[in-house]
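S.K.: This is what each chain is made of:
There are 2 protein chains.
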Amino acid sequence: MRTLAKDIPQTARTKPEEEARVSGWVHRIRDMGGITFVVLRDRSGMVQLVFSEASPPAADLTLESVVSVRGFPALNERAPGGAELRVTALEILSRAQPDLPCQVNGDIARMGIETILDNRILSVRNPRIRSIFNVQAVIIEAFAAYLRSQDFTEIKTSKLVWGGTEGGTELFEVAYFDRRVYLAQSPQFYKEAMVASGMERVFEVAPAYRAEKHDTPRHLNEYVSLDVEMGFIDSERELIELERGLLAHIFEEVSRKNAADLAAWNVPAPSAEAAAKAPVIGYEDAVRTANEWAARDRPASPGASGGARIFDINPEAERFLCEWSLAEHGSDLVFVNEFPRRYRPFYAYPSDANRTMSFDALFRGLEITTGGRRQHNYEAFVETLPRFGLRLENLQNYAALLRYGCPPHGGFAIGCERLTARILGLANVKEASLFPRDRRRVEP
Amino acid sequence: MRTLAKDIPQTARTKPEEEARVSGWVHRIRDMGGITFVVLRDRSGMVQLVFSEASPPAADLTLESVVSVRGFPALNERAPGGAELRVTALEILSRAQPDLPCQVNGDIARMGIETILDNRILSVRNPRIRSIFNVQAVIIEAFAAYLRSQDFTEIKTSKLVWGGTEGGTELFEVAYFDRRVYLAQSPQFYKEAMVASGMERVFEVAPAYRAEKHDTPRHLNEYVSLDVEMGFIDSERELIELERGLLAHIFEEVSRKNAADLAAWNVPAPSAEAAAKAPVIGYEDAVRTANEWAARDRPASPGASGGARIFDINPEAERFLCEWSLAEHGSDLVFVNEFPRRYRPFYAYPSDANRTMSFDALFRGLEITTGGRRQHNYEAFVETLPRFGLRLENLQNYAALLRYGCPPHGGFAIGCERLTARILGLANVKEASLFPRDRRRVEP
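If you read the protein sequences in the order shown, they are chains Y and W.
Just so you know, the first sequence maps onto residues 29 to 472 in this note's numbering.
Just so you know, the second sequence maps onto residues 29 to 472 in this note's numbering.
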């Protein structure tokens, strides 16, 4: 029977006279002459092993080797966690070569991001890096659980598509037998189709692809998209209400289950209360507010004094709007709605001649969601296409979706890595992807 | 406030004097002269609407249009479900064109599979087809929930890979900026990497790709793979034990939550008790048993009498082994282990010179899982490569996985569509994929 590292203090209290067995990785070795202290790391945490003269020799051990040891658990105030294992038997299950390409037990601030990503098998062993993916797993779990509680059905749709819903740009091409298909940029069409298929409320957790050439701390060419779509809505307001509740639940779960992970990054727990009452600001007001805060931020900087210098909800505006929301509404989450038609795709539902029922969610300075109500009326859809330079004959599947009974509907998507990164305050979204892909990186 | 169709009987009992509003699709129209009965379908079920002379005219309605109606709920023994809504107001939210390409309210046995797949937006509206995806959603939910309860961490890994773990065959090529990458056949390497990264126990739900040219009722070119990997195991027996518990939990949840869906397909609930004690049979015994059952099945057929005619666990053997398991062990699930090395990839862990610690799971006549313990020893891995015609320089990422401390480990994958199809007795696995991809089909 294996005991987990985290349970050794308890075992030392209740069964000190029985040998226990622990297995894991050699995290640290401190040779004190006659005695060697080894920190063993397993999936649950760490425990100190004590090799004395009565133990098998520890001289053979290398950092990151996988071992299984037996020994007597003992309370020791000076040991991390208050207990240790006094080793009586040692088995080396896998000897690590000493040329480790990165230092697992060190400070990750000293590892560059390229080293971290080049060596995922080793870098994820670092408890602080591991904690990123503990948070991510809880985000995905809470996302699905909340939506199921609201009567949503989980769907899985194809990532191989005949073309992009939003035109043919920024698509990766796949050689599919004797033809060309593309990797889906989003499950947009499919989730709308499943709402119209009578499921009404659907969600999907799946990869999405953007063949964008630029390499920024905000972008991934492959990311995990947390997608939601629902029928029988009147406007984007119901979607914002849904996302407030959804994020509040995710934040609650992360606060509850990832306290140690948040502590490892020294960040406050995201506030469920603030998310549940996050403000909504119209696009025009948002641009004005961003400019006001920009002026306030750098009153003496050139260009800031003489009027507006932010003309869109760009990354700079996102940061200022989040500052504004936190200061004025106590919320690090803010929704911007009423985006102009020129910034939204053809399927965005117009609220008037110039505006759409669409929105973004900004969280801690970064856009994490785009969403909105979609056009469900076939005639209006056909009429709109020329404005976007699109042709009906290229959108036959979309047309079929609207021709045979499609309820008013809308949805949104949350970028899973972006949300993870903003919760933990990571500088680069790639840190929140186990195996990120960018223009240069396709390994490991 | 919208009332769901399933709640109308209750509303008719408790608030018959209040108008209720229901929304959904026009499933059936029966014009009786002065009175028209319309069956409305929403995500929860169906309800009968009654249009009398006091109601707005129903003449405009077309099948599959989306409507919102108000009316008084009333108990009526002759109505399906025992209640109906007597309509006072009608709003047509989306008028369906009358040229429906398939009949939603008919018998799906009359729809060919190509019609079903060509018209997913309509065919999924058929309650029987919809039920397939209700079952699938529960499978995915139960899979994740059980593994979390066993301390597994959910991971999301890249589907764009530099090459296939198992060599370069049957891969789809992706044009990735100025280079070529491939769609992952499985997350095999990544899940092993995350076990070795200290997560120890991981699972992933994600698409997987096989560029197999043959088009059979068993194969999909894109499928949802339910992947599991765990560290610190001694043999495949622990994996089989895990999968027994996992499938038992999935079957329990499907039995509990999908009773109506199982009834729609007239199939028995899969037995959790049988799964929990499913038999394990070695490869050689399995081949012998399959031949015995083949001979018993068709004693007079040519070739069957004169000795063995099954030489491998092929689809025919899978069917006979499941018959044997059901007859002799009362289980529609059976595990075959000890597969010969020649049938398994290089990373399969050898139990002796000829056999490996690997296994398949067969369920109701079909292989739904391949798995096994993997090689974790670097020297043994290097030694094995030439046997498989592989070169170390092409497997550097795999080598790094084993060089720096890798615990004994193994795992398995369940084909989500195959499991769904076998639970419901679907003839073709494509029926269990919302948007299946095969050599000819990439739309919708």
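Hint data in this document are derived by calculation from the structure and do not stem from the laboratory.
Since this is a predicted model, take the numbers as computed values, not measurements.
Among the hints, erroneous ones may be present.
All copies of an identical chain are treated as equivalent in the list; a pair is satisfied when it fits inside any one copy or across any two copies.
In the EDC-like style, the derived pairs of lysine to aspartate or glutamate whose C-alpha atoms are separated by at most 20 Å in a straight line are [unchecked claim]:
1) K34 <-> E356
2) K241 <-> E198
3) K241 <-> D206
4) K241 <-> E266
5) K305 <-> E281
6) K285 <-> D179
7) K34 <-> D179
8) K305 <-> E280
9) K34 <-> D59
10) K43 <-> E312
11) K285 <-> E182
12) K43 <-> D179
S.K.: Any hints this thing doesn't respect? Which numbers, in order?
M.R.: 1, 4, 9, 10 and 12
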